[in-house]
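Input sequences plus hints: build the corresponding full structure.
There are 2 protein chains.
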Amino acid sequence: MAQTPHPRPDSASQGLDSTQPPVPVAPSRSHWQPLPLTDIEFHGGFWGHRQSLNHDVTLPHIEEWMERSGWAKNFDHAATGELPAKRQGREFSDSEIYKLLEGMAWEIARTGDQDLDRRFKELTARVAKAQDTDGYINTNFGRPGQAPRYSDFEWGHELYCYGHLIQAGVARARTHGVDRLVEVAIAAADHICAEFGSETDTRLGGHPEIETALVELYRVTGNAAYLRQAQLFVARRGQGHLGEIDFGPAYFQDDIPVREASVLRGHAVRALYLGSGAVDVAVETEDGNLLAAVQTQMINTLARRTYITGGMGAHHEGESFGQDYELPADRAYAESCAGVASVQLNHRLLLSTGDVRHGDAIERTLYNIIATAVGADGRSFFYTNTLHHREEGDAPAAEEASPRAASSSRAPWYQVSCCPTNLTRTLASLGAYMATKNDQGLQIHQYFSGTLTTELTDGSTVSLQVSTNYPMDSRIEIQVLEAPEQEWTLDLRVPAWATSATLVHTGDEPVAVEPGYVRVNGSLRPGSRLLLDIPVHPRWTRADPRIDAVRGQVAVEQGPLVMAMESVDLPSSIPGADISNVRVDTSEPPVQDGTGTQVATLIHENHDLAWPYVSTEMGATGSLDSGTAETERHHVPLVPYHEWANRGPSTMRVWIPEA
Amino acid sequence: MAQTPHPRPDSASQGLDSTQPPVPVAPSRSHWQPLPLTDIEFHGGFWGHRQSLNHDVTLPHIEEWMERSGWAKNFDHAATGELPAKRQGREFSDSEIYKLLEGMAWEIARTGDQDLDRRFKELTARVAKAQDTDGYINTNFGRPGQAPRYSDFEWGHELYCYGHLIQAGVARARTHGVDRLVEVAIAAADHICAEFGSETDTRLGGHPEIETALVELYRVTGNAAYLRQAQLFVARRGQGHLGEIDFGPAYFQDDIPVREASVLRGHAVRALYLGSGAVDVAVETEDGNLLAAVQTQMINTLARRTYITGGMGAHHEGESFGQDYELPADRAYAESCAGVASVQLNHRLLLSTGDVRHGDAIERTLYNIIATAVGADGRSFFYTNTLHHREEGDAPAAEEASPRAASSSRAPWYQVSCCPTNLTRTLASLGAYMATKNDQGLQIHQYFSGTLTTELTDGSTVSLQVSTNYPMDSRIEIQVLEAPEQEWTLDLRVPAWATSATLVHTGDEPVAVEPGYVRVNGSLRPGSRLLLDIPVHPRWTRADPRIDAVRGQVAVEQGPLVMAMESVDLPSSIPGADISNVRVDTSEPPVQDGTGTQVATLIHENHDLAWPYVSTEMGATGSLDSGTAETERHHVPLVPYHEWANRGPSTMRVWIPEA
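These protein sequences, in sequence, are chains A and B.
1 is the number of the first residue of the first sequence in our numbering; add one for each residue after it.
660 is the number of the first residue of the second sequence in our numbering; add one for each residue after it.
Simulated from the structure, these hints should not be mistaken for lab results.
Note that the structure is a prediction, hence the values are computed from the model and not measured.
Among the hints, a few may not be true.
[As the list claims (entries may be wrong)] Among chain A residues calculated to face chain B with C-beta under 7 Å, some are: (1) Ala303; (2) Glu317; (3) Pro328; (4) Asp330; (5) Arg390; (6) Trp497; (7) Thr499; (8) Thr502; (9) Trp540; (10) Thr616.
[Claimed, not checked] Short derived list, chain A residues pointing at chain B, Cβ under 7 Å: (11) Asp134; (12) Ser580; (13) Leu609.
[As the list claims (entries may be wrong)] Derived Cβ-Cβ restraints for the label pairs, each shown as a range: (14) A:Thr616 with B:Pro1185: 38 to 48 Å; (15) B:Gly740 with A:Ser262: 49 to 59 Å; (16) A:Asp394 with B:Asp1036: 44 to 54 Å; (17) A:Ser198 with B:Gly902: 56 to 66 Å; (18) A:Ala85 with B:Arg862: 23 to 33 Å; (19) B:Glu1276 with A:Val504: 34 to 44 Å; (20) A:Thr616 with B:Glu1050: 23 to 33 Å; (21) A:Gly248 with B:Gly740: 32 to 42 Å.
Think of the CB as a built atom: it goes at the ideal place given N, C-alpha and C, for glycine as much as any other residue.
Structural data, given as structure tokens:
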């Protein structure tokens, strides 16, 4: 890994490092450095539209539900001594307020929205009043009638809540400077170091999150105690220090030390947050072995335990990763928060290693999990992201909180509502995931429509105009508006699936470019134009046969988009036609025209068997439904997976059986 | 349904009905009547061996663990006032003692084992001392420091524990007459009726079981209050009277009234126990609609929600049924207790309706769940019965209780150890599931090696000698030893998969017989011999294509046995050969010879992909692993599924991909 030192704060100082950029992750050294999220401005396009929706609809929606649910009021009740009597929500509900504050902080930086800043300060003031004089803050523990502080490390989520508080404080510090929330976060972090800093202490939290937060606060403040504490928490895990739980120690990654594991396992969000914290610790302590261990875990997880959508976590039970290749489409948990966490970890690994696989994984997850998890209305969310929805079910009541994973469509809120706040903070900070820089120049990892204006590490300025309708269109135009005098490089990511991409440099002939990073150097001046063409025509995709659950089935991908077939698009001419009666004819390629993407299918009527297993001698041939007289041939439209379930109750499948 | 009245006790009497046969289920009226389990004697064979093992090894093993786990001592501590300080085990551990007592009662009746009778009485005496004067008995509630009686209907399991206590009392009453356990059970039942008998009471237990137990105690005692109470409990369910839980109300079938549901759903054991109680109530109250509703639920469950093994319950989360056709092989929960419960419910439906599908379902479940769940050593048990075991894992420590479903092989005990006691009571009472009688004669539903001597309803005696090595051999010989003077009938079940069965009557020519019941009447005299031939050669079986998880895969069945491929049987010549690298060549039929059953396979080496989804243009063809140079052709032995995991850690699959 290239050691590119980032300006480092004086580690003795408790003040803020004013050079910290407005980014979620600011490693002191890295292969590539993150770009301030304010250096990227979306102009419409896939992400510009979603970021506006996030600002206009999602953030206010979440603020409203924080009041309705009583989770914000918990802090008021803490101040007025009315806890636990008036407490609402689960043990981790404080963290939702903190994630909301983090999202608001990024959004204020991005937009300069003064009213949002006012709301941020109001909410911060309510939170701050609940903090004890020693820095402890949690509305669920420590008062008469509540469980004592630090009495439940397995399920109590105290350290997890601190983690999100500190991440919110870091976001505010990097976008605004010291204010009340930053003070609260620092006081909490100091309390944690005092409480848990002993070398002989073996306590750690059941839900990782504090680790990455403490490293970021170290990066902001230069206080090495925070880094040391994060290092301690990472090292304590995997020793069996947490208590026995029904799910077993792998659930919270307490089965194997982080540096000894070869693949992610257990609760997916916990595993991914822990990975992020471990990368952060590894980077700051120059612990190459730890970094390599986490990268190996992610690479193996991508190879064996990830859905085609980028979704992670195959089990509803324990919200956990399955075994290798155990990826049932119809029981995909693929929690939205695991998508957020996967982007976070892959982003850290991309920064540290420059390995394009992490850029590919981020793209896949953004388009197929993050974009899917938020409904077209901006006020409904998936908690889980299944790849096969068997029963239509009812639309959830618009004004009710759904049980966490039971909803058959996007719900406005959940009883465990971690996903909306996680999605809002990700969308608000999305600019930071698009590009990076290093001593040589700039790297674009994700494509967008808008401008990128940033200072290279030598102080010179680059400004680019990016124009594209990607991923609906293949062409990405990059116009250089401003560029340094000296030679610099621009790296552009070509996704692994793009086997026929081309690049045109300012009127030159197109040249074929391979998946990976294509480098343009030495010749980019103001007025230069690049046209990167990443073909996004629909293509058939099949799975490793060890993924038994989708054997004999095919998916359609289109650029980075996974496509889906939804029952509302089936012809009404066939009685009982359902997504389970469709076979796709792969001898005819999928067609994309002005109206969308279609595949040729054979659709037949439903017919039930008294016993669904038929022996050969009872008349079964190769396929129990082949050659039935009622089969009809139809072209059926597909929709991008992220668009499904926006047209009322439906059944859906990503993987479709082949005829 | 034919109304064949069974001699009915005087409903005003609190005494025992001395005409009650030693059977688990004794309906007052039914299509067919159960046979006393003592009327059947196994002579070796598949079940005789297992019943001996159950007596010699499993029962003492369970008795020992009841002491080690402290679950039996809980009753002693109740008597000495040392609860809750010394209480061990989960909230439902009392029920395990009761299930053990039930198993002992049947086994004492079957064998006359006097030492077992002594142990039964000792354990009974310990239990009895824990009963309060008002009949309440539970070691987990009601004492200072414990939750109050009846303070947790969702999870407390008080009514569930009573149910098993009463079933044990019923078993003792029917095999021995009144003794201390019967008195304890009756006192408990009287307490329940006093506590919960009001028409306006809406309370009911989270785990059904009390319903069927109360009906059986009504059948034993004639006390109609018990029947009425069972009827109330069945009617109260599905009204939303139970509190909200994370799994939702379907978990304990509180989503829909029993008579309105169309398929079993939620926690499988709960659903099946409830079905049994509802059938019992329906039969005794002549409620044809309720009976029809439960039968429809079972028929639909067999058609859409049952594994090829007869296993029920596809979800680990909530131990519950999945949606229709959601039957992933590698996440099959198929709890052993659900197998026990399925046999119970199908037996009741068989008695009530005479529908052969229930006889078929019982056979499938006995050979592939009950026989699988107990290891060859008689002292290890599966909690769940997966159809695809992906990772070898470690053998569980012989002397440790495993978490409930995490074990990769059979474990000696579980922290939630409901399965061993359920299996032992089923095996001890297995004789009762083999045959039935009615006014016309006798019906044999399950084949065994041994004798059947019973009194027909007119008082005449039939005695048969059954000789067979079924299901390893196709021939079942039945010799009539004693028969009534008047005409009588013998019905023999021919399983649905037996499309070429034949019957020979005393030297006649073989006649082809169809699946269903073949009736022999008018001509069976002492010395008559029947030879039923049910071919058990191996056959290919494929699944309804809506069971997506096993598409493109084939299973081998052999008679009622589902076969499995286990990694320990793979050739060692191929590097990394594993159960996931095998394809079966169905163009060559499976072969059965003296050494066992084999199939032709193509086996290839493992090869990993960086990303396990490959688009056509990236070079993927129909199958990602076809045509690899390393493929070798081998014949691989299969084992009956019930025999798997008896040779150390292995991977296993029932459904094998087709080449």
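Structure-based check of each hint:
1. The beta carbon of Ala303 (chain A) comes within 6 Å of a beta carbon in chain B, closer than 7 Å, and the hint placing it at the interface holds.
2. Annotation: interface hint on Glu317 (chain A) holds; nearest CB of chain B at approximately 4 Å, less than 7 Å.
3. The beta carbon of Pro328 (chain A) comes within 5 Å of a beta carbon in chain B, closer than 7 Å, and the hint placing it at the interface holds.
4. Hint status for Asp330 (chain A) relative to chain B: holds, with the closest Cβ pair at about 5 Å, below 7 Å.
5. With a least beta-carbon distance of about 5 Å to chain B, the hint placing Arg390 (chain A) at the interface is held under the 7 Å criterion.
6. Contact between Trp497 (chain A) and chain B, as hinted, is supported at the beta carbon level, the nearest pair being about 6 Å apart and thus within 7 Å.
7. This hint holds: Thr499 (chain A) has a C-beta 5 Å from the nearest C-beta of chain B, less than the 7 Å allowed.
8. Look at Thr502 (chain A): its Cβ only gets to about 15 Å from chain B, farther than 7 Å, so that hint breaks.
9. Because the closest C-beta pair between Trp540 (chain A) and chain B is about 4 Å apart, less than 7 Å, the hint holds.
10. A distance limit of 7 Å between C-beta atoms decides the matter here; for Thr616 (chain A) the minimum to chain B is near 4 Å, and the interface restraint holds.
11. Residue-level restraint check for Asp134 (chain A) is violated (minimum Cβ-Cβ distance to chain B is 33 Å; threshold 7 Å).
12. Because the closest C-beta pair between Ser580 (chain A) and chain B is about 5 Å apart, less than 7 Å, the hint holds.
13. This hint holds: Leu609 (chain A) has a C-beta 6 Å from the nearest C-beta of chain B, less than the 7 Å allowed.
14. Roughly 42 Å separates the CB atoms of Thr616 (chain A) and Pro1185 (chain B), a value that falls within the hinted 38 to 48 Å.
15. At about 53 Å, the CB distance of Gly740 (chain B) to Ser262 (chain A) agrees with the hint of 49 to 59 Å.
16. Judged by the Cβ atoms, the range 44 to 54 Å given for Asp394 (chain A) and Asp1036 (chain B) holds: they are separated by roughly 50 Å.
17. Taking 56 to 66 Å as the suggested C-beta distance range, the pair Ser198 (chain A) and Gly902 (chain B) does not conform, at roughly 43 Å.
18. For the pair Ala85 (chain A) and Arg862 (chain B), the beta carbons lie near 27 Å from each other, so the given range of 23 to 33 Å is met.
19. Against the hinted window of 34 to 44 Å, the Cβ-Cβ separation of Glu1276 (chain B) and Val504 (chain A) comes to about 21 Å, which falls outside the hint.
20. Roughly 31 Å separates the CB atoms of Thr616 (chain A) and Glu1050 (chain B), a value that falls within the hinted 23 to 33 Å.
21. Checked against the given bound of 32 to 42 Å, the beta carbons of Gly248 (chain A) and Gly740 (chain B), roughly 36 Å apart, stay inside it.
Hint violations for this structure: numbers 8, 11, 17 and 19, all remaining hints satisfied.
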